[in-house]
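Novice: As they're listed, the protein sequences go chains V and Z.
Under our numbering, think of the first position of the first sequence as 1, with each following residue one higher.
Under our numbering, think of the first position of the second sequence as 383, with each following residue one higher.
Possibly wrong hints are sitting among the right ones.
[As the list claims (entries may be wrong)] For lysine to any residue, the following SDA-like pairs were computed, each having C-alpha atoms within a straight-line distance of at most 20 angstroms:
no., chain 1, residue 1, chain 2, residue 2
1, Z, Lys681, Z, Ala702
2, Z, Lys681, V, Asp130
3, Z, Lys681, V, Glu131
4, Z, Lys412, Z, Val446
5, V, Lys330, V, Ser256
These are computed hints drawn from the structure, not numbers from a lab.
Because the structure is a prediction, the values reported are computed rather than measured.
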Amino acid sequence: MTSPGSDGANVIPLGVRGRPGRGSGHAKPSAAARSVAGQQSPPEPPPHVDDPSLRPRRSAADDSDVTADLSADRRSLSDGSSRQSGVPVTEIASAVAGAAQQVFGDDWERRAAELLAFCRRRLTGDYVVDEFGFDPELTSRFLMTALRPIATKWFRVEVRGIENIPDEGGALVVANHSGTIPMDTLMTMLTVHDHADRYLRPLGADLVFTMPFVSELARKGGATLACNADAERILSQGELVGVWPEGFKGIGKPYSERYKLQRFGRGGFVTAAIRTGVPIVPCSIVGAEETYPLIGNIPSLARLLGVPYVPITPFFPWLGPLGLVPLPSKWLIEFGEPIRTDAYSDGAADDPMLMFNLTDQVRETIQQTLHSLLVARDRIFL
Amino acid sequence: MGRVALVTGVSSDLGARTARSLAAEPELDKVVGVDLVPPRFQLDGVKFVRADIRNPVVGKVLAVEEVDTVVHLAVRPSSGRGGRSSMKETNVIGTMQLLAACQRAAGVRKLVLKSSTEVYGASPRDPAMFTEDMAPRRSPRSGYAKDTVEVEGYVRGLARRRPDIQVTTLRMARLLSPQLDTPLGRYLRMPAIPTVLGFDPRLQVLHDDDALAVLHRAVINDIAGTFNVAGIGIVMLSQAVRRLGRPTIPVPQFGLSTVGQLVARTVRVDIPPDLVEFLTYGRGVDTTALVDTFGYRPKHSTAETFEEFASGVPTGMLNADRIRSVESRLTALTRTGGGRD
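Produce the complete structure using the sequences and hints provided.
Specialist: Have a look at this one:
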């Protein structure tokens, strides 16, 4: 397991699986070990851990568990302060060691050092964001790690046609939108990140950037505003961009309309793809519709709050926060064959008829795939 | 007859430096500096005229000195002593008077305006990077940002009425330097920095050396047009604050509204409203035209400018050295802890 934070962390794995002393098998630590433990100051400051190897295209599975448990770190933080105030350090340290071993496994020392280096980089601002505010380190270490168990354990996402995502260069992934809360966007981002080794940069409605916390996380996760200027800019930089052209019409449609594609916006995504000459990858997502079955809406409250809809599901708002737990539907995500746009002439982007046709073609492809995926899925839940 | 440049707002740091660098330029015969207050900085080789651009005296200066190039730097972000009304007076009315004088003066054939990227405003509907031809999604409604929009409008008016005058509008990002006293600099110097809860804006700043070089180039070369001037790259506010080692105080959005500002002012913290929008939604500008058409590539990136600022101001309580020492202590602890049960 190679992990991006491992360079220069300079940790000597003791490899004794937490047993006392130097693995001698004695019940008590050796005198040497005791004297090491008694030291008040660190024997040597570890070198400045820079992280040049954190490449954005790295497989996430590799560094997924580094961030696994912040609470373990918090424990060791409190431990660090108590150390100075004269509390018996040895016992606490060994307890922490045991806990850390439970959490991180045998390799815990290196991982803990990586985690510390990660925390230090975050706290000192020692990381790079691109002009859209995308923070690759935070995305792959925190956001994707948090989403992974939901995808694998809860939704059991099954991925098809991942080879249709180009290995490099710009491409526009166009997908259906559903499920009241844009869980499908997050799951597609994770799928692309884990299976295609790339970051999917979603385009979000302006509502996303109005909301506190959501806007902050969206920009850091790689999203930018769904407008032509941004779409063309980010595509021409060779990024993989995701767009959900149905927007609120798709995500906020009632459960009875499930898997019926809504209007694909005004087809702006096709214009952006043609202008930048990138392929369009149709993406069909099955499973998101059942996560929060929308059975009602409170339009007056929605108008009051300035949001497109206020959902009523079988569990929300009746069960309060518990109603926010998505239903464990089985998910299938299929990436279709890319539709090339680089063969069109320069003026093609200004031909509305061509835009409409291409939009319809993408929409039809996704609708057809949705039907076949629905047939292929044998059970909705569990 | 040689060229004569007139620099307004010459008493400011940037004004004085621009005037000095122009005075050292052999292509210019004379540099005249105009300001309301006597210069605080050395003005070697610059003829200083104490005049108020808000009254027609400036027209006489243009005629007497036979000025052909006007460098307008008197549109300033900070309210100074007189408060907001006097700032608006200088920025907007002063510009109107100056432009009126320019229109009358037959000798003037070039105007260089230091504007600001504030003209783009800041809103959640903004594209990630503004290019020069984009309009603001939400027009700035107050303060310096509104002034710059109005000033640019008047300058466009002059360009229409006097097509023979070559107008270069330089939309500069906020300047940040340990030496300069700007609203952003004052904000980042606070011991604990109030931020808008749940928002992390993208910031783009400009190094004063780059601002100076761009102004100089605009005067010497004939490049008409509007250009964004900013350091390459962006830095998130959270990142900037962490690099400065300062703690933040997240305040809900409404806390920085009018009421919140009143509260803030009682503890002698003044955050201008346009800075609040900037610090909520952030802004990025595209500098492709600056590099390709104007022919200048900023020497300092946004990150480098922040770094220089950080090294020039007192470090905060959460500085990198302290965090690094905590990290090494914890790393040492994991090592010693691993040796026993």
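Novice: Taking the hints in turn, state whether each one holds.
Specialist: Going down the list of hints, with the structure as the test:
In summary, the hint linking Lys681 of chain Z to Ala702 of chain Z is not supported, as the alpha carbons are separated by about 26 angstroms, beyond the 20 angstroms threshold. A threshold of 20 angstroms between alpha carbons decides the hint, and for Lys681 of chain Z with Asp130 of chain V the separation of about 18 angstroms falls inside it, so the pair holds. The hinted pair formed by Lys681 of chain Z and Glu131 of chain V meets the criterion: a straight-line CA distance of about 18 angstroms does not exceed 20 angstroms. Annotation: proposed proximity of Lys412 of chain Z to Val446 of chain Z holds, straight-line Cα distance about 13 angstroms (limit 20 angstroms).
For the proposed pair Lys330 of chain V and Ser256 of chain V, the alpha carbon gap of about 18 angstroms is at most 20 angstroms, so the pair holds.
The earlier numbered hint that this structure contradicts is number 1, and it is the only one.
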